[in-house]
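Visitor: First to last, the sequence lines map onto chains A, B, C and D.
Residue numbers for the first sequence follow the working numbering, so the first one is 6 and each next one is one higher.
Residue numbers for the second sequence follow the working numbering, so the first one is 6 and each next one is one higher.
Residue numbers for the third sequence follow the working numbering, so the first one is 6 and each next one is one higher.
Residue numbers for the fourth sequence follow the working numbering, so the first one is 6 and each next one is one higher.
Hints should not be assumed to be uniformly reliable.
Where chains are identical, the list cannot tell them apart; a pair therefore holds if satisfied intra-copy or between any two copies.
Claimed, not checked - Here are the simulated DSSO-like cross-link-like pairs (lysine-lysine), alpha carbons at most 27 Å apart as the crow flies:
(1) Lys180 <-> Lys91
(2) Lys180 <-> Lys7
(3) Lys264 <-> Lys254
(4) Lys264 <-> Lys141
Calculated from the structure, these hints are not laboratory results.
Protein chains: 4
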Amino acid sequence: MKLYILGGDARIGFMAEGLQREGYTVSGLGLMRDTIPEIMPEEGIPGADAVVLGVPCTRDGQTVFAPFYNGLLPLELVRQLSSPGKPVLCGMASGEIHRRFASADVPLIDYFAREELAVLNAVPTAEGAIEIAMQKLPITIFGAGCLVTGYGRIGKYLASTLKALGADVTVSVRKPRDHAACRIGGLKSVETAELSGCVSDFDVIFNTIPCRIFDAEMLSNMRQETLLIDLASRPGGVDREAAEAFGIKYEWALSLPGKVAPRSAGEILCETVRNILMERNL
Amino acid sequence: MKLYILGGDARIGFMAEGLQREGYTVSGLGLMRDTIPEIMPEEGIPGADAVVLGVPCTRDGQTVFAPFYNGLLPLELVRQLSSPGKPVLCGMASGEIHRRFASADVPLIDYFAREELAVLNAVPTAEGAIEIAMQKLPITIFGAGCLVTGYGRIGKYLASTLKALGADVTVSVRKPRDHAACRIGGLKSVETAELSGCVSDFDVIFNTIPCRIFDAEMLSNMRQETLLIDLASRPGGVDREAAEAFGIKYEWALSLPGKVAPRSAGEILCETVRNILMERNL
Amino acid sequence: MKLYILGGDARIGFMAEGLQREGYTVSGLGLMRDTIPEIMPEEGIPGADAVVLGVPCTRDGQTVFAPFYNGLLPLELVRQLSSPGKPVLCGMASGEIHRRFASADVPLIDYFAREELAVLNAVPTAEGAIEIAMQKLPITIFGAGCLVTGYGRIGKYLASTLKALGADVTVSVRKPRDHAACRIGGLKSVETAELSGCVSDFDVIFNTIPCRIFDAEMLSNMRQETLLIDLASRPGGVDREAAEAFGIKYEWALSLPGKVAPRSAGEILCETVRNILMERNL
Amino acid sequence: MKLYILGGDARIGFMAEGLQREGYTVSGLGLMRDTIPEIMPEEGIPGADAVVLGVPCTRDGQTVFAPFYNGLLPLELVRQLSSPGKPVLCGMASGEIHRRFASADVPLIDYFAREELAVLNAVPTAEGAIEIAMQKLPITIFGAGCLVTGYGRIGKYLASTLKALGADVTVSVRKPRDHAACRIGGLKSVETAELSGCVSDFDVIFNTIPCRIFDAEMLSNMRQETLLIDLASRPGGVDREAAEAFGIKYEWALSLPGKVAPRSAGEILCETVRNILMERNL
Numbered sequence: 006m007k008l009y010i011l012g013g014d015a016r017i018g019f020m021a022e023g024l025q026r027e028g029y030t031v032s033g034l035g036l037m038r039d040t041i042p043e044i045m046p047e048e049g050i051p052g053a054d055a056v057v058l059g060v061p062c063t064r065d066g067q068t069v070f071a072p073f074y075n076g077l078l079p080l081e082l083v084r085q086l087s088s089p090g091k092p093v094l095c096g097m098a099s100g101e102i103h104r105r106f107a108s109a110d111v112p113l114i115d116y117f118a119r120e121e122l123a124v125l126n127a128v129p130t131a132e133g134a135i136e137i138a139m140q141k142l143p144i145t146i147f148g149a150g151c152l153v154t155g156y157g158r159i160g161k162y163l164a165s166t167l168k169a170l171g172a173d174v175t176v177s178v179r180k181p182r183d184h185a186a187c188r189i190g191g192l193k194s195v196e197t198a199e200l201s202g203c204v205s206d207f208d209v210i211f212n213t214i215p216c217r218i219f220d221a222e223m224l225s226n227m228r229q230e231t232l233l234i235d236l237a238s239r240p241g242g243v244d245r246e247a248a249e250a251f252g253i254k255y256e257w258a259l260s261l262p263g264k265v266a267p268r269s270a271g272e273i274l275c276e277t278v279r280n281i282l283m284e285r286n287l
Numbered sequence: 006m007k008l009y010i011l012g013g014d015a016r017i018g019f020m021a022e023g024l025q026r027e028g029y030t031v032s033g034l035g036l037m038r039d040t041i042p043e044i045m046p047e048e049g050i051p052g053a054d055a056v057v058l059g060v061p062c063t064r065d066g067q068t069v070f071a072p073f074y075n076g077l078l079p080l081e082l083v084r085q086l087s088s089p090g091k092p093v094l095c096g097m098a099s100g101e102i103h104r105r106f107a108s109a110d111v112p113l114i115d116y117f118a119r120e121e122l123a124v125l126n127a128v129p130t131a132e133g134a135i136e137i138a139m140q141k142l143p144i145t146i147f148g149a150g151c152l153v154t155g156y157g158r159i160g161k162y163l164a165s166t167l168k169a170l171g172a173d174v175t176v177s178v179r180k181p182r183d184h185a186a187c188r189i190g191g192l193k194s195v196e197t198a199e200l201s202g203c204v205s206d207f208d209v210i211f212n213t214i215p216c217r218i219f220d221a222e223m224l225s226n227m228r229q230e231t232l233l234i235d236l237a238s239r240p241g242g243v244d245r246e247a248a249e250a251f252g253i254k255y256e257w258a259l260s261l262p263g264k265v266a267p268r269s270a271g272e273i274l275c276e277t278v279r280n281i282l283m284e285r286n287l
Numbered sequence: 006m007k008l009y010i011l012g013g014d015a016r017i018g019f020m021a022e023g024l025q026r027e028g029y030t031v032s033g034l035g036l037m038r039d040t041i042p043e044i045m046p047e048e049g050i051p052g053a054d055a056v057v058l059g060v061p062c063t064r065d066g067q068t069v070f071a072p073f074y075n076g077l078l079p080l081e082l083v084r085q086l087s088s089p090g091k092p093v094l095c096g097m098a099s100g101e102i103h104r105r106f107a108s109a110d111v112p113l114i115d116y117f118a119r120e121e122l123a124v125l126n127a128v129p130t131a132e133g134a135i136e137i138a139m140q141k142l143p144i145t146i147f148g149a150g151c152l153v154t155g156y157g158r159i160g161k162y163l164a165s166t167l168k169a170l171g172a173d174v175t176v177s178v179r180k181p182r183d184h185a186a187c188r189i190g191g192l193k194s195v196e197t198a199e200l201s202g203c204v205s206d207f208d209v210i211f212n213t214i215p216c217r218i219f220d221a222e223m224l225s226n227m228r229q230e231t232l233l234i235d236l237a238s239r240p241g242g243v244d245r246e247a248a249e250a251f252g253i254k255y256e257w258a259l260s261l262p263g264k265v266a267p268r269s270a271g272e273i274l275c276e277t278v279r280n281i282l283m284e285r286n287l
Numbered sequence: 006m007k008l009y010i011l012g013g014d015a016r017i018g019f020m021a022e023g024l025q026r027e028g029y030t031v032s033g034l035g036l037m038r039d040t041i042p043e044i045m046p047e048e049g050i051p052g053a054d055a056v057v058l059g060v061p062c063t064r065d066g067q068t069v070f071a072p073f074y075n076g077l078l079p080l081e082l083v084r085q086l087s088s089p090g091k092p093v094l095c096g097m098a099s100g101e102i103h104r105r106f107a108s109a110d111v112p113l114i115d116y117f118a119r120e121e122l123a124v125l126n127a128v129p130t131a132e133g134a135i136e137i138a139m140q141k142l143p144i145t146i147f148g149a150g151c152l153v154t155g156y157g158r159i160g161k162y163l164a165s166t167l168k169a170l171g172a173d174v175t176v177s178v179r180k181p182r183d184h185a186a187c188r189i190g191g192l193k194s195v196e197t198a199e200l201s202g203c204v205s206d207f208d209v210i211f212n213t214i215p216c217r218i219f220d221a222e223m224l225s226n227m228r229q230e231t232l233l234i235d236l237a238s239r240p241g242g243v244d245r246e247a248a249e250a251f252g253i254k255y256e257w258a259l260s261l262p263g264k265v266a267p268r269s270a271g272e273i274l275c276e277t278v279r280n281i282l283m284e285r286n287l
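Excised from the complex, chain A in its bound form (with noise of 0.2 Å):
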């Protein structure tokens, strides 16, 4: 089966690594290593059995997005170059995108919105979290007072990496089920609702709720020594102005995956995509 990828940052050239250990004959542009023959879209898209874009698979709606190539890709250049039924696969495409390619029976497949992917992706958000706590607090994460805000993918990885690390973790939930589900992983809960009362308690507090959490009260009842690390992507959970104004020591961390670890975020990328591949039989 013969792949072709096209742009994307770091991950994607390891990702394009993977899948040629894999057993797939890979070539592509963009992607920054040597063990990836590089070749054009015009000829590397038409003669492959699936085409990979990197995430997200455009910035401005244009262009593809591939910060290592010197020059312009146009997604239309894609989408003219891809056969009927022959898929391509990428991250975090628009509604407008995936029509543009639909009317062209082009499958479009969003392998950023793949469960399997947000769940390894817990593993590198976590540790970067982690190594950000480490590098700006005057304490161990051992014995620290740690609250994590939510009991989703990244909660769950999250709060259980840091009570290996031996932290005294809360986490703040809202149902009976995740009560329970804390207790049953040695985990404190709080009641998100009651959180102003408790904020003042932890070291160190991680935020991944999406929606804004941490607002002028709540953050008016912490204290200066309390690093605040916001995990939850744009808007985030915090205000950011008020943070400042109350001098919280705050982080925002985006898009740690490719950052923290580039290689493993690109294996975790390489696991959807031969999933997803094998899946069609390919």
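Use these hints to put chains B, C and D onto chain A, whose structure you have.
Guide: Okay, now just chains B, C and D, sitting in the frame of chain A:
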């Protein structure tokens, strides 16, 4: 707040004591605990803010399940003595019973259907299963090759507990998402569809999937040394006759929480019932 | 290399099979394993590069401990059949026996005195103790208040295993160093000298200290609900008569590895014997 | 009880605050903490029940190590102001200094030689090492192939912490006892003597052995991608010139506790000093 608690197995007595410690005024019948005053339903139910029955609430569909009470307590009597709007909490009520109480405007609430109870019950279930394995195997759990089929609430907790004991744990799953979740939890995983090819590799197998995975064909691939512990509720996941024919060591472990840890199981019921009462401001 | 293995309990048979799998040519007597050829000592010992006896090697000081053999095997016979320089490996040999073999230039090596055996035996000992606690307690290990007295090999492994199961574990120690070691292992600690003040706080107590910690005074401070499991070898750490008088639930758990996991215990012996043989280039 | 604390790095200020919280009346000089009253040695030392210096107590053998104090404090002054029988606690005192104080009947106690301090310091050391690995590696610790050389206090804690983070951990050891201890701790082990045959298998190597294990020959067997973090104190375990010549990514990480977690390191010193004082009924 006054509670009247009627019947049930050993767990219900411990539940009653737990609710008493939480500050409720508790009386009951058939509880086997000296600490709970005994009064008859005719007096207890009308005076109570809520009535609590055991799990199951009835076995014959007619009388309250009350193995520690020498006499018959018709379920109909409970309904008649209950006041409209005052809740009756019970475990595993059938649709017919729900309808009967609804027709009298008595809210019937099945605490056994609550998610936090299912989460918490994974603990005594897993410990009970591990106790059986310890008793039946000539080897330690440490280092034992363990297969856990299914990655639901029990499968997850059981697998991670076996790993914590030093076992070599594999989980059989069906979704890429669950393979990923196993990996980040430090567990091996295998496709359920490919189980028959590796089922002879294990020292002990814990089944948590409530359908007939272990049919004659699967059993024919097992080694006789392997211990098979079935945690699936009726009808179970194992063809019992075939297991016997193949000489497989087989244990069907039903309703473990009440058997292996009635006090802990009672405290779990207590917490669940208290959550229900608090949500109703009782 | 040829080994001749004589007598011993169920562990020795599993040890013999393990050594066979490692590549040794193994024969023996009184092993109860079909896989090991049976020959008499008169033939087996002179032809062997090393002889292995059970643990203990003798109970009466005169005959080889061989419960699965219908007959008496004088220890003196082993000595007479052994060649100078060819080692005899055994468990728990007295000074008198050592002297007897030394006088014939037969190296007698006590494998039971090896440190790696003591380290590895902590695993079946701890699992056996936990199995007893699971059987005797009406609560789960998860959440149970556990006291472990002593922080030697067994205490360390037992305490960390109980913690891995979710117990609330306290260890009684005497040195600042051990308090520190408990803390970094996530365990609470208490001064052994101050034990009587908190001994009523626990659901289960595991004693690993081989001296009379649990005398009448200490026992008088315990609750009757608390389970006391004594893992100390003879004479044990508990005043048994006082325990009975106070109605304390008491279990003296001796020689757990051979009882609860003979196959694993045999593999541990196998590994220890193999280390000894390899150090002697056998 | 009155303590006078003189000089030292950031840890000593946190130690002073900790001792204040424990109930001691603390004054000092060169501590950089607003909470501790500053007085000169001429006043502070004669009025104190014990004097505490930093770690090391001196760098030049003549003056007290006091980087936050603008001036020179002769060690001889401390000795002259001290009263016979009143202890001086310090870190890393030479034999010469010990003799000087002994001649004046001033008990000089080296808190840095205490075992509990060595045990507790393993935590910030391990976390500091992991922080470096997180920063320098393009992969997550989860899944990383890690080698820890040596299984002393730091090696043990570091190896088990890496395992808790999901790493694939191997420890190099030399005794059968330590191979056994690794196994029951869930760690792989390799003979230190056979290290050169497998040193290319790892993504990161943490050296804790204070002798030249990583000489030119060992380094010649390593991959350039492998990160080598040396935790051994001077002269370290790595031939630095050879490492540079082979292009090995090498980090010599000395005195991590004070660098990565001065507050936690100070609390560890506080606990150790308090233990010493309590043993002297101070």
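Visitor: Cα distance capped at 27 Å. Does Lys264 pair with Lys141 within a copy, between copies, both, or neither?
Guide: Answer is both; intra-copy 17 Å and inter-copy 12 Å each pass.
Visitor: At most 27 Å between C-alpha atoms: does Lys180 with Lys7 qualify within a copy, between copies, both, or neither?
Guide: Between copies only: 26 Å across chains, 47 Å inside a chain, cut-off 27 Å.
Visitor: Give the relationship of Lys180 and Lys91 under a CA distance limit of 27 Å: within one copy only, between copies only, both, or neither.
Guide: between (44 Å within a copy, 24 Å between copies)
Visitor: State whether the alpha carbon distance between Lys264 and Lys254 is at most 27 Å within one copy, between copies, both, or neither.
Guide: both (21 Å within a copy, 20 Å between copies)
Every hint, counting from the list given before, is met by this structure.
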